[in-house]
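There are 4 protein chains.
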Amino acid sequence: MNTKDVIVLTGAGQLGMAIVRRIAYGNKIIVADWKIENAEAISKTLVEAGFDVIPFKVDISSRESILTLIRVAQKEGEVSMLVNAAGLSPSQSTKEHILQVDLYGTSVLLEEFGKVIKKGGTGVTISSQSGYRMPALTADEDRLLATTPTEELLQLKMLQSENIRDTLHAYQIAKRCNGKRVMAEAVKWGERGARINSISPGIIVTPLALDEFNGSRGDFYKNMFAKSPAGRPGIADEVANVAELLMSEKGAFITGSDFLIDGGATASYFYGSLQPERN
Amino acid sequence: MNTKDVIVLTGAGQLGMAIVRRIAYGNKIIVADWKIENAEAISKTLVEAGFDVIPFKVDISSRESILTLIRVAQKEGEVSMLVNAAGLSPSQSTKEHILQVDLYGTSVLLEEFGKVIKKGGTGVTISSQSGYRMPALTADEDRLLATTPTEELLQLKMLQSENIRDTLHAYQIAKRCNGKRVMAEAVKWGERGARINSISPGIIVTPLALDEFNGSRGDFYKNMFAKSPAGRPGIADEVANVAELLMSEKGAFITGSDFLIDGGATASYFYGSLQPERN
Amino acid sequence: MNTKDVIVLTGAGQLGMAIVRRIAYGNKIIVADWKIENAEAISKTLVEAGFDVIPFKVDISSRESILTLIRVAQKEGEVSMLVNAAGLSPSQSTKEHILQVDLYGTSVLLEEFGKVIKKGGTGVTISSQSGYRMPALTADEDRLLATTPTEELLQLKMLQSENIRDTLHAYQIAKRCNGKRVMAEAVKWGERGARINSISPGIIVTPLALDEFNGSRGDFYKNMFAKSPAGRPGIADEVANVAELLMSEKGAFITGSDFLIDGGATASYFYGSLQPERN
Amino acid sequence: MNTKDVIVLTGAGQLGMAIVRRIAYGNKIIVADWKIENAEAISKTLVEAGFDVIPFKVDISSRESILTLIRVAQKEGEVSMLVNAAGLSPSQSTKEHILQVDLYGTSVLLEEFGKVIKKGGTGVTISSQSGYRMPALTADEDRLLATTPTEELLQLKMLQSENIRDTLHAYQIAKRCNGKRVMAEAVKWGERGARINSISPGIIVTPLALDEFNGSRGDFYKNMFAKSPAGRPGIADEVANVAELLMSEKGAFITGSDFLIDGGATASYFYGSLQPERN
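First to last, the sequence lines map onto chains A, B, C and D. Residue 402 in this note's numbering sits at position 151 of the first sequence, with consecutive numbering throughout. Residue 463 in this note's numbering sits at position 212 of the second sequence, with consecutive numbering throughout. Residue 296 in this note's numbering sits at position 45 of the third sequence, with consecutive numbering throughout. Residue 458 in this note's numbering sits at position 207 of the fourth sequence, with consecutive numbering throughout.
The shape of chain A in the complex, shown without the other chains (with noise of 0.2 angstroms):
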C-alpha cells in the first residue's frame, strides 16, 4: 500500500494547518507558501504531528508557478484535495498585488488544479466575511468574474485601478470573485466527479491576529467582538469543523457553494449594533 494521496496546502498558516489536520491523516501533503520559511515552519509542526509532509514555495500569482507545484505534487501521487488558504489582507499590499494574488491568482489556481484534482477529490479555498459586505454587484458583472478567462480578468474594465476605490474594495471584489469562480469551476470539477467549495471565516484568532487585537487597534476589535453574536472572535478549528464537512463524504452533495462562519458579524453589520452609520 505504498501510494498515497497528495493534498496540496496553498497558504502556510495557522487556518490551513487546521483544516489539513483534519483530512490529510496518512495521505502525502504539500505546503506551499510564498515564503518558503513559512512553508517551512508549518511543515516543521505537521512533521511532529506525524503527518508526511514536504514544503515547497509557490507564488500563486504565477501559472507557471502553479504549474511547477502542480508538477511536484504530481511526482508523489494522485492530487486529491486541495486547500488554498494563501492570499493578501487590505492592510498589507496594493490594490494592484491584491488583485493579482487573491483575485487572479486564486482563479488560476482553481482552473488548474481543476485540469488534474483526483476523481472524487474535494477543494476549499478560503474567502472571507469582507465579500458579504460589498453592494451587490449586476448579474453581468457577477458573469463577468465567473466567466472570463484567466488570462483577461485583469483586464476587466471594473478591476481598473480608476474603478476601486481602496485596497479593503481590492479585497472585497477579489473575494466576490472566487465565489463566483467557485461555482463556475465546479461545473468542471463536476466533470471529473469532484467537488469544489469556499468559505468565508470572520475574524480567526491567530498569533498575528492576537498582536492586532492587543495593539493599538484593539478597541476597535474588542468592540467588533462584544456586538456580533458570537461575543468573541472564531478559532482556527471552527473553521475547520466546516471545511471537514465539505472535503469528506458527508459532504458529496455540496458543490460551488460559499459558507459564512463569522459568529454573526455579517448579521450584526447588517441588522445589528455593528450596523454603520447610515444618512
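There are no misleading hints in this set.
Straight line, CA to CA, 20 angstroms or less: simulated PhoX-like cross-link-like pairs of lysine-lysine:
#1 A/Lys279 with A/Lys369
#2 A/Lys370 with C/Lys255
#3 C/Lys439 with D/Lys478
#4 C/Lys279 with A/Lys370
#5 B/Lys478 with A/Lys439
#6 C/Lys255 with B/Lys473
#7 C/Lys279 with C/Lys369
#8 B/Lys279 with B/Lys255
#9 B/Lys308 with B/Lys286
#10 C/Lys369 with A/Lys369
#11 D/Lys473 with A/Lys255
#12 A/Lys478 with B/Lys439
#13 C/Lys473 with B/Lys255
#14 B/Lys326 with B/Lys279
#15 A/Lys255 with A/Lys279
#16 B/Lys279 with D/Lys370
#17 C/Lys478 with B/Lys255
#18 C/Lys255 with A/Lys369
#19 B/Lys255 with D/Lys369
#20 A/Lys326 with A/Lys308
#21 A/Lys279 with C/Lys370
#22 B/Lys369 with D/Lys369
#23 B/Lys369 with B/Lys326
#24 D/Lys369 with D/Lys255
#25 B/Lys366 with B/Lys439
#26 D/Lys255 with B/Lys370
#27 C/Lys295 with B/Lys295
#28 A/Lys255 with A/Lys369
#29 B/Lys369 with D/Lys255
#30 C/Lys370 with A/Lys370
#31 D/Lys369 with D/Lys279
#32 A/Lys279 with A/Lys370
#33 D/Lys255 with A/Lys473
#34 B/Lys478 with C/Lys255
#35 D/Lys439 with C/Lys478
#36 C/Lys369 with A/Lys370
#37 C/Lys295 with C/Lys308
#38 A/Lys279 with A/Lys308
#39 D/Lys279 with A/Lys473
#40 D/Lys295 with A/Lys295
Note that these hints are calculated values from the structure, not bench results.
Using the hints, position chains B, C and D against chain A.
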C-alpha cells in the same frame, strides 16, 4: 435526571425527520404539522426508532397557533432546538398562501422561538436553492424583508399580488426573505446565547419526490440531475449532515448564515449546462 | 463518472439501515438477508430515501451463498464497504443454529470479504454487549477462536453441544469469537490497506424490540434501562455515529477493535445496580 | 452570556491539546500539569489559537492537589468536561511511582471529578494499548481493581512490589485498573447524568516520540509500524476524532467503555507479524 430538553420540529416530512434523528437522542421531540396525520406518521416512525415524541397540529401562518405550540413545548421542558421544515411548494398552492406560510409564517416562527429559546440553543430553517436563482434585490428591498415588523410584512408593496408574477416568484421571494430574517434574528437569538441558520437544499429524494421523478415531468428531473455536477438528486441524510454541524457545538461560531447544498445545480444553472437560454 | 463503489449490508434491519444511510451516498448498496422480504422492505425504504439499492437473498451460514453475494456485488463495482448486521438472537433459535450463523457464518463472511475488499475499504460487524458478560476464556481458547481455519471452527471441542449450556451461552461465545476473528482479520485486511472493526451495542430500540418492551417481559426491560447509567435504551442512529467514525477516513488508525455502546449497562452489570446476586 | 463552562485538561501534551481543540470553543480551559512549564507552554499555544486558558500546577497522585484543582476550576464556572492525559510511561519512572500516579492518581481524579461534574458532562481518560497485552486477570482481581476504595488501592496484595515484575508490568496493570475504574465510575457519573470513558491509543507521534523514532531504538519502532496493519504510527488528531465522539451528544449512549485506537498493532501482536515468539 428527569428533565429533558425539548426539540421542536415544524413540518413533518423526511427531511425534518432525518435532521431530528441526529440531534434528539434522549430529549423530547414535538413534531408539529399542519396535517396532524403527517405529524402522527413521522412521530410513529420516530417512536419506533426509540425517540420520545409528541405529535401536534400547528398552522405556522397563525401566530396564535405558534404560541400554542410554544406553550405545549415549554410544559415539557426548555426549548433547546427548533427545526423548521414547514412550507408550501410553488406547485402546491397560490401566491397568497405561499407568502402567508413560507414568508410570514416562517418569520413569526423565528421571532417567537427566538424569545424562548434556551441559552445555547440552536435553530435551523429549511430554505431552498430557489432563493439563489432570483435576480438580486436592492439593498433597500433586502432591508425591508429583513427588518419590517412581522405583522406589517405582507403589506409591503413588493409583496402585493400585482408585483408577484407567479407561485414560483412568490416562493423565491419567500425564501429570500427567510435568509434575511435569519440574519436579523441571529442578532436577537445571539442576545440569548443562541444561534439560528438556514439551509438551502436542492432537490432531495423523498417518496413524494420519487413519484414526481417517475411521473409526467420525469424527463425534466432526469435532465436536471444529469446536468448538475453531482449527477444525482440529494439525500435527506446529506442535508442532516449540514444541520448536525450547524446545531451542535461544532458550529458554535456559525449564526445568521445560509448553507446551499444542491449538488451544484445552482452552479450549473448559472455557469453550466443547466443555463436557461439567454437572449 | 459512472462507476460506483459497492456497499454490502448483510442483515436487513433498522440498525444496518441506519449505518448505511451515513456512508452510502452516491454508491451502490446491496441489501442481503436470509429473508428476501426483509431485504426488499429495507431496500424500498432506502430507495425512497434516494439510495441505489439491490435486494438479495443470502444465507451467511453457507460459504457458497456468501461467494454468490460477492460475485453479484462485484458485477456492480468494487466492494468498498461491508456492514454485517446479520445474526440470530438467543431467543430466536437453537444452540447449533446460533453457532452456525453467528460464529461460523460471520467468520466466513469476514474472511471472504477480506479477500476482495477494495484498497482503503472498511468493514464493521455488529457484535453485542453480551460478549462482555461472559467469564474470560483462557489465552489458548481465545487463540483457537481467532485462528482456527473457518471450516474447522465448529469442530472445536469448546463449541460442542455438551460444552455449551444454552442459547445465551452459544450467543455469547459466538460474539466473543467475532471479536477475535475481527482482530485476526484486521491483519489480513491490512495487507489490502483495508480496515475491519466491530461494534457491541446494548439494547437498541426497533419496532420489534418495542413489542418486547411492551410485552410480558416489559418490566424486565424497564428495570434494566432504569438501572443503567443512560436510563434508556439506545437508538440505531447512535450506533451509526460510531460506525460512521470507524468506516470513514476519520477512523483511519482504527482496525481490529471493538466498540461497546450500551448506555453503561455492562458497567452497571458488573459494578452497579444491575449486578446479579453473588453467592 | 458571561458564564462559561469549565473544561479541565490534566496532562499538558500534544494529545490532550488535540482533544481540547475539538471541544472547548467558547468555554474556559484549565490546563493542569505536574510541570507548570508544560502547562504554560500548552496554554500559550491554545491562547494563540483563540482559547481562554488558565495554566495550573497539579500533582494527580495527591488527592489534596486534585481538590485544589477542582476548587480553582469551580471558581470559573461549572466543570462540564474532564480530559485526563496525565501519566508516567514505563521508561520514565519506578514501579512505585507509576502505580502512584497512573493507578492511584487516575482513580482519585475520576472519583473526585465524578462528584462535581455538571449534569450532562463528560470525561475521557487516556489509557494505552499496553493494557490489552497483559494476560487476563481473574474476575476477582478485576473486581478488586474496580471497586477497592481509592485510599486502599495501593495496599492490594497484587500491587505490592514483589508481585510487579517491572515498570512495564506496573504500567499495564495501572492501565487495566483505569479501564475498570472507568466502568465503576460510569455508574456514579451516570447518577449525575454524566458519562466517562477511556481511550487506549497505540503509538502516537509527538515531538518527543519523534526523537525516539530517530534515536537508538528507531529500528524497533520502524519495524513495529511496518508490521502493524496501518503501517504507520498514529496522529493526535485521530485520537481526538474518537474523543470528540465520546464527549459530544453523538456519544450520549456511550459510557463505561474503552476505545482502542492503535492502527491494528494489538491485532498484529496477537495474530500477525508482531507476535512475540512463543515456545
